[in-house]
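**Student:** If you want the building blocks of each chain, they are given just below.
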Amino acid sequence: MLVKIVMELEDVPGQLLKALEPISRLGGNIQSIMHQRERKTPLGRIPVMLVFEVGDRARLNRILAALRARGVRITQLGEREGAARTTALLIGPHTDIRDTIDRLDALRGVRVSDLSLAMGGLGQESAARMTITTDDEKRASLAVSNLQRIAARKKLLLITSLEAG
Amino acid sequence: MRLVLVGFGNLGRGLSRALIQKASFLRRSHGLIPRVVAAVDEFGAAVDEKGLNLTRLLRVAGKAGTVAAYKGGKRGKFALQVIEGVEADVVYELTPTNIKTGEPGLTHIKRAMRAGKHVITSNKGPLVVAFRELDSLARRCGVEFRYSASVGGAVPLVGLAKELLAGNEIREIRGVLNGTTNYILTRMSREGAPFEVVLREAQELGLAEKDPTLDIEGIDTASKITILANSLLGMNARLKDVKVAGITRVRPEAIRLAQEAGQTIKLIGIAKRGSLEVGPKLVPLGHPLAVGGTLNAVTFELDLAREISITGFGAGPRETSSSLLGDLIDIHRTLGG
Ligand SMILES: NC(=O)c1ccc[n+]([C@@H]2O[C@H](COP(=O)([O-])OP(=O)(O)OC[C@H]3O[C@@H](n4cnc5c(N)ncnc54)[C@H](OP(=O)(O)O)[C@@H]3O)[C@@H](O)[C@H]2O)c1
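Chains as they are written, first to last, in the numbering used here: chain W, 1 to 165; chain U, 1 to 337.
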């Protein structure tokens, strides 16, 4: 799931790193960081908006606990509404997997957030697994139908998730 | 009830054994006294209007390779003659499947219905080629028509959907409907063994045909999806309406990638109004359709009950005789027995 938090950091060097470390260590995948300097608090702290992806609620809770333990003040916490993830496998020659990913990334609200390749033996096809993260379910099915078209054109076997409809 | 068995292969024999073993149970629990008055195979026929001795029939047919070896049996092509000529209540059509023409089963079933006989079949061919035609012919002829064993083997899909879930609208049916491919996928996922090796092994175990094309190309599953679409979703679907992909390109490495993401790969057939599809799909480990070995599994998506899943053996003579016998008891009850 995609999580958005706003935390207040003291305006001294090293503060951001201190906050980011537990997120990546506990499996969060940071997507964007935005300093809101114009909203500096009366006590001189700077709000930082952070968007990251995390596997499940339990991991998120661990991350939040670690942040609080470091004295990071979290002022807002929101799950990005309806952030959806779907996994797909592609089987075939993967000489231009980058192109497939670029085509998906070019869609608004769609991002290939994970890629794993298993090369086949000599003369055999390879397999690629990708995780596609989208802002909502509608974009997820749009991404899947785009992937279907790409796979058909490149003669790849596409294996989508049973739940992907 | 007087029965005619057309086809005395795996299922004809499996049914005969079940009839022997369950004779007193059927009488006691269902008031049903089945009597096989004729058995036919490709090479001959055995007829006795008082009832064949099934133990003897199994023995002599097992030895000679044809039911014609039974006392008084005849060699030659007799299926139609027996179906039309021998006095009987129910014809079991258990001949090999041909999904292109439906024959010889299609003609057997039509002739049996026109001769006023109820029909029970396990043969997908006639159902894939001419479901609507057979369904309405049965009605016009005033006979019962059952085909539980044709899809899912022992798993009572048709009865579950038509009887027990009758209050629901079925939105979608999806499932693992081919034991051979499920065995191959399971072995590849557990041992990482290559496709060709596992396929050869499945053939040696008798789980896959010498020509495994229909199974591994997904066509057998597509046939079953066609039957389910017609019989349970009220569609008028043909085999060519099903978008089909098989498992021949699925390698152990692909399954490993799936497993690393908490999923596995299954050959899934999906039937919903407006879209029929067969292909390998990612299924979460622990999902009702993530069954191993030769098992079949089906999920019905319903308006009231939401989801119902069922699992069991999709083939095997003893297992499938459960459906063949169930159909007989169902007809017996329908007729007020
Ligand atoms: N086996 C299973 O577990 C299973 C499960 C579900 C559904 N089914 C379906 O049920 C049907 C029967 O399966 P099976 O495994 O019993 O097949 P099988 O062992 O090949 O037996 C077929 C039988 O039909 C006979 N036959 C062939 N052509 C005939 C004709 N023109 N007239 C009369 N008899 C004829 C064969 O006779 P000869 O031996 O003399 O050639 C044989 O006795 C198939 O359609 C199959 O797809 C099978």
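Mixed in with the good hints, there may be bad ones.
What the hints assert, rightly or not - Below, a sample of chain U positions facing chain W; criterion: calculated Cβ distance under 7 Å:
1. Glu253
2. Lys281
3. Leu282
4. Val283
5. Gly286
6. Gly292
Stated by the list, open to error - Calculated cross-link-like contacts (lysine-lysine; reagent style BS3-like; alpha-carbon spacing at most 25 Å):
7. U:Lys63 with U:Lys50
8. U:Lys50 with W:Lys138
9. U:Lys240 with W:Lys154
10. W:Lys155 with U:Lys63
11. W:Lys154 with U:Lys243
12. W:Lys138 with U:Lys272
13. U:Lys162 with U:Lys110
Since the hints were derived computationally from the structure, they do not count as laboratory data. Positions of the beta carbon are idealized from the N, C-alpha and C atoms, including for glycine.
**Student:** When the structure is checked against the list of hints, which entries are broken? Sort them ascending.
**Tutor:** 5, 6, 8 and 10
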